[in-house]
Amino acid sequence: MSILERFFGRKEKNSSNIQGVLVANAEIDNPLSLVVVFDTLPENNSKELTRLLRNYHSSMKQATCELVPELDFFGLAGWGKHVISMVGFKT
43 MSILERFFGR
53 KEKNSSNIQG
63 VLVANAEIDN
73 PLSLVVVFDT
83 LPENNSKELT
93 RLLRNYHSSM
103 KQATCELVPE
113 LDFFGLAGWG
123 KHVISMVGFK
133 T
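Residues in the sequence shown are numbered from 43 upward in steps of one, following the working numbering.
Bear in mind the hints are in silico, worked out from the structure with no lab data behind them. As the structure is a computational prediction, the values presented were derived from the model and not from experiment. Glycine is no exception: its CB is placed at the ideal position from the N, C-alpha and C atoms. Don't take each hint at face value.
[Stated by the list, open to error] The calculated DSBU-like cross-link candidates involving lysine-lysine, where the alpha carbons are at most 35 Å apart (straight line), are: (1) K123 with K103; (2) K89 with K103; (3) K132 with K103; (4) K123 with K89; (5) K132 with K89.
[Said to hold, decoys possible] The calculated label-pair distances, taken between Cβ atoms and stated as ranges, are: (6) P111 with F80: 12 to 20 Å; (7) S75 with G122: 15 to 23 Å; (8) N72 with V129: 25 to 33 Å; (9) K103 with T133: 29 to 37 Å.
Model the full assembly from the supplied sequences, consistent with the hints where possible.
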């Protein structure tokens with residue numbers, strides 16, 4: 043399953059058995075939404091973002107991140123039961 047499908051919460055039938063696969067939960071009735079505006083686009087580096095998330099707080103020590111290298115900034119990050127969708131645009 044592609045990251046684009048998982049970004050929009052499309053799960054494969056057997057995806058619940060796969061550890062470490064990030065899938066956004068499309069079944070949340072009122073998901074939290076946050077908009078952050080930066081002067082410059084964050085670096086599109088999944089290894090660095092994973093490192094930063096893991097160092098931020100002990101509850102995030104197993105965090106993972108997937109970014110699409112061909113796009114400006116598009117991907118998923120997750121830790122524990124949390125998965126967040128991230129998108130960024132150059133203006």
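For a quick check of understanding: which of the numbered hints are violated here, in increasing order? 8
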